[in-house]
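Asker: Based on the sequences and whatever the hints tell you, model everything.
Here are the chains, one letter per residue:
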Amino acid sequence: MTLHTKSLAALAAGLRAREFSSVELTRTLLARIEAYQPQLNALITVTGPSAMQAAAVADGVLARGGAGPLTGIPLVHKDIFCTEGVRTTCASRMLDNFVAPYDATVVAKLKAEGMIMLGKANMDEFAMGSSNETSYYGPVRNPWNPQLVPGGSSGGSAAVVAARLAPFASATDTGGSIRQPAALCGVTGLKPTYGRVSRYGMIAFASSLDQGGTLTTSAADAALMLRAMAGFDVRDSTSVERAVPDYVAALELPLAGMKIGLLKEFFEKGLDRENERCVREALAVYEKLGAKLLEVSLPNLGLSVPAYYVVAPAECSSNLARFDGVRFGHRAKDPKDLMDLYKRSRGEGFGAEVKRRIMTGTYVLSAGYYDAYYLKAQKVRRLIANEFEQAFAQVDVVMGPTTPTPAFALGSKTSDPITMYLNDIYTIGANLAGLPAMSIPCGFVHNLPVGLQLIGRHFAEERLLSAAHAYQRESDWHTRIPAGYE
Amino acid sequence: MPISENPIGTPVSLLAMNNETWETVIGLEIHAQLSTNSKIFSASPTAYGAPPNAQANLVDLGYPGVLPVLNAAAVGMAVKFGLAIGAEITPLSVFARKNYFYPDLPKGYQISQYELPIVAKGHMDIVLEDGAAKRIGITRAHLEEDAGKSMHEGLGAHSGIDLNRAGTPLIEIVSEPDMRSAKEAVAYLKKIHTLVRYLEICDGNMQEGSFRCDANVSVRRRGQEKFGTRAEIKNINSFRFVEKAIHYEVARQIDIIESGGKVLQETRLYDPDKGETRSMRSKEEANDYRYFPDPDLLPVAVNGAFIAQIRATLPELPDEKAARFAAAFGLSAYDAGVLTASRELGDYFEAVVKLIPQDPKLAANWVMGELAAALNRDGIDIAASKLGPARVAGLLQRIADGTISGKIAKEVFEAMWSSGTDADSVIAEKGLKQISDPAAIEKAIDEVMARSPGQLADYRAGKDKLFGYFVGQVMKATGGKANPAQLNELLKKKLAG
Numbered sequence: 027m028t029l030h031t032k033s034l035a036a037l038a039a040g041l042r043a044r045e046f047s048s049v050e051l052t053r054t055l056l057a058r059i060e061a062y063q064p065q066l067n068a069l070i071t072v073t074g075p076s077a078m079q080a081a082a083v084a085d086g087v088l089a090r091g092g093a094g095p096l097t098g099i100p101l102v103h104k105d106i107f108c109t110e111g112v113r114t115t116c117a118s119r120m121l122d123n124f125v126a127p128y129d130a131t132v133v134a135k136l137k138a139e140g141m142i143m144l145g146k147a148n149m150d151e152f153a154m155g156s157s158n159e160t161s162y163y164g165p166v167r168n169p170w171n172p173q174l175v176p177g178g179s180s181g182g183s184a185a186v187v188a189a190r191l192a193p194f195a196s197a198t199d200t201g202g203s204i205r206q207p208a209a210l211c212g213v214t215g216l217k218p219t220y221g222r223v224s225r226y227g228m229i230a231f232a233s234s235l236d237q238g239g240t241l242t243t244s245a246a247d248a249a250l251m252l253r254a255m256a257g258f259d260v261r262d263s264t265s266v267e268r269a270v271p272d273y274v275a276a277l278e279l280p281l282a283g284m285k286i287g288l289l290k291e292f293f294e295k296g297l298d299r300e301n302e303r304c305v306r307e308a309l310a311v312y313e314k315l316g317a318k319l320l321e322v323s324l325p326n327l328g329l330s331v332p333a334y335y336v337v338a339p340a341e342c343s344s345n346l347a348r349f350d351g352v353r354f355g356h357r358a359k360d361p362k363d364l365m366d367l368y369k370r371s372r373g374e375g376f377g378a379e380v381k382r383r384i385m386t387g388t389y390v391l392s393a394g395y396y397d398a399y400y401l402k403a404q405k406v407r408r409l410i411a412n413e414f415e416q417a418f419a420q421v422d423v424v425m426g427p428t429t430p431t432p433a434f435a436l437g438s439k440t441s442d443p444i445t446m447y448l449n450d451i452y453t454i455g456a457n458l459a460g461l462p463a464m465s466i467p468c469g470f471v472h473n474l475p476v477g478l479q480l481i482g483r484h485f486a487e488e489r490l491l492s493a494a495h496a497y498q499r500e501s502d503w504h505t506r507i508p509a510g511y512e
Numbered sequence: 004m005p006i007s008e009n010p011i012g013t014p015v016s017l018l019a020m021n022n023e024t025w026e027t028v029i030g031l032e033i034h035a036q037l038s039t040n041s042k043i044f045s046a047s048p049t050a051y052g053a054p055p056n057a058q059a060n061l062v063d064l065g066y067p068g069v070l071p072v073l074n075a076a077a078v079g080m081a082v083k084f085g086l087a088i089g090a091e092i093t094p095l096s097v098f099a100r101k102n103y104f105y106p107d108l109p110k111g112y113q114i115s116q117y118e119l120p121i122v123a124k125g126h127m128d129i130v131l132e133d134g135a136a137k138r139i140g141i142t143r144a145h146l147e148e149d150a151g152k153s154m155h156e157g158l159g160a161h162s163g164i165d166l167n168r169a170g171t172p173l174i175e176i177v178s179e180p181d182m183r184s185a186k187e188a189v190a191y192l193k194k195i196h197t198l199v200r201y202l203e204i205c206d207g208n209m210q211e212g213s214f215r216c217d218a219n220v221s222v223r224r225r226g227q228e229k230f231g232t233r234a235e236i237k238n239i240n241s242f243r244f245v246e247k248a249i250h251y252e253v254a255r256q257i258d259i260i261e262s263g264g265k266v267l268q269e270t271r272l273y274d275p276d277k278g279e280t281r282s283m284r285s286k287e288e289a290n291d292y293r294y295f296p297d298p299d300l301l302p303v304a305v306n307g308a309f310i311a312q313i314r315a316t317l318p319e320l321p322d323e324k325a326a327r328f329a330a331a332f333g334l335s336a337y338d339a340g341v342l343t344a345s346r347e348l349g350d351y352f353e354a355v356v357k358l359i360p361q362d363p364k365l366a367a368n369w370v371m372g373e374l375a376a377a378l379n380r381d382g383i384d385i386a387a388s389k390l391g392p393a394r395v396a397g398l399l400q401r402i403a404d405g406t407i408s409g410k411i412a413k414e415v416f417e418a419m420w421s422s423g424t425d426a427d428s429v430i431a432e433k434g435l436k437q438i439s440d441p442a443a444i445e446k447a448i449d450e451v452m453a454r455s456p457g458q459l460a461d462y463r464a465g466k467d468k469l470f471g472y473f474v475g476q477v478m479k480a481t482g483g484k485a486n487p488a489q490l491n492e493l494l495k496k497k498l499a500g
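Quick note, the sequences are listed as chains A and B, same order.
The opening residue of the first sequence carries number 27 in this note's numbering; numbering runs sequentially from there.
The opening residue of the second sequence carries number 4 in this note's numbering; numbering runs sequentially from there.
Keep in mind that the hints are not guaranteed to be accurate.
What the hints assert, rightly or not - The calculated DSSO-like cross-link candidates involving lysine-lysine, where the alpha carbons are at most 27 angstroms apart (straight line), are: (1) A/Lys369 <-> B/Lys101; (2) A/Lys402 <-> B/Lys101; (3) B/Lys152 <-> A/Lys405; (4) A/Lys381 <-> B/Lys277; (5) B/Lys193 <-> B/Lys277; (6) A/Lys369 <-> B/Lys286; (7) A/Lys362 <-> B/Lys466; (8) A/Lys369 <-> B/Lys277; (9) A/Lys359 <-> B/Lys152.
Hints were generated in silico from the structure; no laboratory data involved.
No experiment lies behind these values; they were computed from the predicted model shown.
Answerer: And the structure:
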C-alpha cells in the first residue's frame, strides 16, 4: 500500500474506512522522513514521538466516529509557525534555542482538526531568501536534483511535499516564498489573499506582505487545507472578517467563459524559452477547456522588485528588533554592557542575508531617506495594485510563469543578491497588491518542473482553485514524483 | 555625560532681574495613562503595583509571532479628551512604530501615532495671576503604549526589567509653545490634570507616574520673534517640580547666553534631589526613530456616530461648572475655580448647598476652609471624607439658625471630625448651644458690669475701645455661647446706661 502518494481526500477516506490507521500512516511517513532527510535536509526538527502519540489519539477519534475530514492526517509546519513546546527556529541561530510557548493560529486550527505534526520544515532564515540557502541549518536539496535548490523561502515545505514525506506542508509567502519553491519542486502552492489566513504566531518578516498558505500535490488538496486554515482571527487585526467559503465544493466551478489575462510583462525578457513553452502549452489547455485568453498589461510591474526590496526590508528591520538577546533567543556570552549584549547577540544570531536586509531597511526608513525610498515604494505599491485592479476589470484570472527559469544550482546565485532578488520578479506583484495566487506544475524542462502562476482578484481563491483543479484534471504533471521518491 | 555645563551655578534670583530683558517660552508634552482595564494592545491588566512582570503576557513581552490588537476603550477615551478640549477628531488616524533599542521596550519599537494623531488642534484656557484668561493651544494628542521600567536597585551588578507597565495606554498631549512663565505652565498642567480626572480617563496619580510631563523650555530677548534654542526636560512628575525645573532651566539658559555662550538643543533630566537639570543626550546623540505606519494595525476609523456616542458621555466640564457655580451661587471666580478643581469637590459642594440653599457662600467658605484643611491635614481625599455633605450641611444649618456661632461651629466641627457624629449630638453633648435668651445675656452683662466699675467709668468717659473688653468678659462668662449679635446689641444699650 503506497500511503505516501495518496491525496488528502483519499487518505481521509482510507482512514475512515479503516483501511489503514493514522498510526500506520504516521509511522510510514516518519520512516520516509528518516530515510530521506539526510539527502534533502528538508526538516529542522522531527517530532516523531509526539506525532505517534497524536496519531493514536486520532485513531481513537476515528474509531468513535467523531472524525473530521483531516483527522489523523500528518503534516509538516514551516518552522516560521510557533508550535507550543516545540522548538521554533525560523532557521536562524537567533532562535536555535527557542521553544515557543504557544501555538500559532494556523497550528492550533489544524491541531484542532486532528492533524498530526511530523516536524518543522527547513526554510530560508526568517523567510529571507529565494533558494533556501540562507538557513542556519544548511540548504535544502531539490528532490528532482540534489545539486539544485528547491527555491525559497519555503524550500523545506516544498521539498517535503515533492518527496512525498507529507501530503501537506504549511508555508508562507512574502514575495513568492510559496509559489517559487512550488514551481521549482513541481508541487501546488497557494498564497491566499492578504488577510485570509491569520498571521498570529507566524514569525513576522514583512507584516504587510506575509501570508500563510499551502503546499500540496494538488489544487483539490489545497482547497481542503485552505478551508481549515482560513478565517478571521481576533488576535490578528489584519485578518479579514469574512465568511470562509467551501473551497472544496468550489473546485467544480465551471471554467467555460472564464477570461484569462496573459500578463504581457511576464513574457518579456528574462523568461527562459523552454519555461515559456510549458506555460504556453498550459494556456492552450485552458483555451481548449473553453477559457478566453486576452493580453493584459501592468506597465509598472518592473518596479515591483525595487519597491518590494524597500518595503520588505523596512518592515523586517523593525520586526526583527525584538531579537535583542534580552528575553529569548540567542544571547551573547558575558556581555560587558548593554550595547555589547545587543551588538554581539544580534551579530552572532543573524546570518548575512538577514543582516543585509535589516541594514537596507534601517537605511530606507532613516531621516532624510524615508520620502525618497519608503514613501516612494509605497506609491509604487499602490500603482501596481491599481494596475492589477484595471486588469481584473477585463479578466477573471491573470496567468503566466511563476519563475523565469527552472531550479538553479546550489551556490550559483549566492554571491550576487540582486540576481537572486530578480528571481522573484513574477511573484512579488501579487504580494504588493495583496492578491491570491497559485503555482501549479505545468511541464518539465530537462527533467525539472515548471510552474504556471495564477493570480486572482482579492478573495477569489475559489476561482483560482477551480481553475487549477480543471487543469489538473487534464494533466498529470502534478502527479509526477521525483526519481527515487516513488 | 557632562553633569552640568554651567560651572557658575544659577541663582534663581537672577530670574527676577532678567524678567525685563528675557522672555521664557514653554511648551509641555503631557503623558496621561488611560484608565482602561486592560492594556492598549493586549489583554493584560493595567493595575499598578503588581509584582514585577506579573502583568506581562506574550504580546507585552514582544514574543516572536504575536500581534497587537487595539483596545477600543482607549480610543473612546482619547476621543473624549479631544472633544473636551474642542479639538478636531481625525477620522482616520494611524499607528506608527517609533523604533529604538532599549531593554524596557520589548519589541524594539513603541507603537505610537506620528503623522496622523487621533486628536488634532484643541485648546485649554488658563487664568493668569491678574485674573485674565489665556488660551493655550494644544497641537495634538495621540495614543501610544507606555514602556516598561528598568530596575537598577537590589540586583547587584545586574539591571532588571519590569514589563508590567509596558503596553499601558497613554495619551500624549502636546501643547503649542504658548506659555511664558513657569506659573503659566503649572496652571496649564493643573487644568489638564483636572480635566482628565473629570473625564475619568486618567487617575492623575503623579507619584505612580500615571500623569507626567516633559517641558520644552527656551528663552529669548523680549521683542525677539525667533524662538531660542530649546531644551527638553524629561519626565517631571509633580507640579512643584515642573515649576522648579523650569525656573532652574530658564536661569541656566539666560546665564549661558549672558556669558556669551550658546544654549545647546538637548534632552535634559530634572533631578529633584539636587533641584537641577542635567544633560541626558545632545541633538547629535538623539535617536533617529525611523517612524513608519505599523503594518500590524489598521488605521483607526472614528465616524460621526461614534463621536456622538462619546460626546453623550461627556460630564459637565470644569470651566462650565465653575461658570455655573459663580452665576448660580454668587461665588467669586476664584472660589468657583477652587470648588471645581476636582469633580468630587464640586459634587460635594453642590450636595452641601442643596441642603442649605439659603447660604451658598457659607457652604463655600466651609468646604474650602475647615473641611479642606481637615482633609489636607489627614491626607484624605474628599471622596473618602469622614464627614459627608449631610453632616457638614447639618452644622451649617445650626450656624444659620443661630443655634451656635461661627466660632463655636469650628469647635463643633473638630469634634464631629474626630467622632464622625452629627452637629446636633456634639452641640447637645458639649452644651454648646448658643444663648439667645435676652434675660440670660443681660444677667451676664450685669454681673460683668458690677465687677468692673473702673472699666465702666472709663468707657462712659469716652474710651470706646473698652467695648471689646466687655464683649470678651461676657463671652467668657457664658462659655462663648452668647449669641454675638444679641450680645452686641444688649451690651451697647446697657453700657450706655
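Asker: Please write out, lowest number first, the hints stated earlier that are contradicted by the structure.
Answerer: 3, 4, 7, 8
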